[in-house]
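J.: For reference, the chains in residue letters:
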Amino acid sequence: MPRAFQIQAEDNVATLMDDAAAGPVEIIGASKSTVNAPEKIARGHKIALRDISANEAVIKFGVRIGHATQAVPRGAWVHLHNLTSDLDERSGTLDLHSGAPTDTSSAYV
Amino acid sequence: MSEKISSSSSRGNEAQINQSLLTSTATKSWNGYLRPDGRKGVRNLVLIVYTVECAQHVAHAIANGEEDTHVIGFPGCYDNAYAIRLMLALARHPNVGAVLSVGLGCEYTQPEKIAEAVRDSGRTAEWFFIQQSGGTRTSVAKGKEIVARLREQIRRDTPVVPMSLADLTVGCECGGSDGTSGLAGNPAVGAFFDLLVDAGGCAVFEETVEMIGLRGHMLARAANAAAKDQLAAAYDKAEKYCRSVRQWSVSPGNFAGGLTTIEEKSLGAFAKSGARPIQGVIRVAEQPPKPGLWILDSVPDEHFMQFGYTNPNDTEGLMDLISAGSQIVLFVTGRGSVIGSPVSPLIKITGNSSTFHAMHEDMDFDAGRVLAGELTLAEAGRDLAALVTRVAAGELSKPEQLGHREYFVMYKHQETPSLAAGCRA
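Protein sequences, first through last, are from chains A and B. Read the first sequence against our numbering and you will find it ends at 112, with the numbers running on by one and no gaps. Read the second sequence against our numbering and you will find it ends at 617, with the numbers running on by one and no gaps.
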């Protein structure tokens, strides 16, 4: 079973240590559990450990890393499509897969 | 009882480690090179400094095939105080024994002034203008003669003295980060930095723009009120800078690797600082005034020309750390990298074991073993300390073995007290 690492007990996301297909993911680290991922999640990416509502803080390392832009169900992939920085106004506009800017026609802003 | 460490470096004397002290890296000693200012180097290099892009080819041609000879310089014909400070800090670095400065002959920065500033530090330095020496071939031949003479002199005359972690300044930055950098790569460096600081050494980490979102955390680590003020000022400057350029220190590769926000990346980056108090903030080309843990601020200060980019690439960050006197630099990369550095050996660390195996030619240390449960973070810190010690004793790091010496400097402005009044004629 693919594994995901939870750093602090209060974290509501964990980091995938293996590529995960849709299905169960073993949570290790600060807590032990199994979470069902409805979609595939790549290694290094984040999985929601519980339901997170829109505008709620996303917590990793025990610290707020931004806020959810929509409701995020337990097990979901947490990335640019549903999590945005509290500071960096461009992060919500980046391409989900490549991370490339989409808010400008020029790469040289 | 002593054990000789065999070394593939050109160091004449082989490093010796006292076997009875092997259990304690903190007190382990090896041989280094004593400089006139009392600092100790882990390499004994001749440094060639070009003073304009026009002299760059000749400088590299002189160094080509020469042992223990590295090249730095500044491409601009019009000079820049920040770049001059950085070059002088590298030219008077503990790993450098002697300097040859090469100019074309019509640029602002004068190789003679560079040589004078280096001589003021007690080192031997020579210089020439290409325009006064003939052309490319004659200048290269002349330069090679000088380099051979300088190298012979520093190998003969530099006092060899015992060194330990207490004599080391080690710098660290991360780049090409992925989800493992904050989980294993940077925390392993943090564990090593704690050991280094406890042993009386100096640890320097940078990327204040990658501490965005962590103001409270950072300030809580300040060693004293003065350090807290410095940290607050550096943080506020970095955040203002990022807002003004609409560029936060996150790249497409970071997102592809699973990082989503600058705050998340910051936390992972900050993990390299370990757990000791932060003594304060230094700027590029400044040495930490006392041992302990320091942050290096490379963000440009305000200037009417608005020039300078805070973090244009990984190599610039390494140059900044070396300019602070780091005899060894560490680079943490989850996605992998093939860079090296002139002046100070670079040790490349990854928290991603797949990257380590895929790029084993280039990567020095696999901190991903922590995630696999093969060793604890504390053990990784000790392992890294042992590697740093071996490299300090003369073992070549992977980038050194491969001949990587990437170098980068740009026009920038920082309000730093001047080391010298520039190097104009």
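Keep in mind the hints are simulated off the structure, nothing from the lab. Careful: at least some of the hints might be erroneous.
Said to hold, decoys possible - A few chain B residues facing chain A, derived, Cβ under 8 Å:
no.	residue
1	447
2	448
3	450
4	453
5	469
6	566
7	567
Unchecked claim - Chain B stretches covered by chain A per the calculated footprint, using a threshold of three residues with CB under 8 Å from any CB of chain A:
no.	segment
8	369–375
9	402–413
Keep in mind that this is a model prediction, so the values were computed, not measured. Note that the Cβ used here is the ideal one computed from N, Cα and C, for glycine as well.
J.: Could you run down the list of hints and mark each one as holding or not?
T.: Now for the hints, and whether the structure bears them out:
About 3 Å separates the beta-carbon of residue 447(B) from the nearest beta-carbon of chain A, less than 8 Å, and the hint is met. Taking 8 Å as the C-beta cut-off, the interface hint given for residue 448(B) holds, the closest approach to chain A being about 6 Å. Interface hint status for residue 450(B): upheld, as the beta-carbon distance to the closest one in chain A is roughly 3 Å, under 8 Å. Of the supplied interface hints, the one on residue 453(B) holds, with its beta-carbon coming within about 4 Å of a beta-carbon of chain A, less than 8 Å.
Violation of the interface hint for residue 469(B) is found here, the shortest Cβ-Cβ separation to chain A being roughly 19 Å, above the 8 Å cut-off. Annotation: interface hint on residue 566(B) violated; nearest CB of chain A at approximately 13 Å, more than 8 Å. A cut of 8 Å between beta carbons decides the hint on residue 567(B): the least distance to chain A is about 15 Å, and the hint is violated. Here the segment 369–375 of chain B counts 5 residues with a CB under 8 Å from a CB of chain A, which clears the bar of 3, and the coverage holds.
With a cut-off of 8 Å between beta carbons, the segment 402–413 of chain B has 4 residues touching chain A; three or more are needed, and the interface restraint holds.
Consistency with the previously given hints fails for numbers 5, 6, 7, ordered from lowest to highest.
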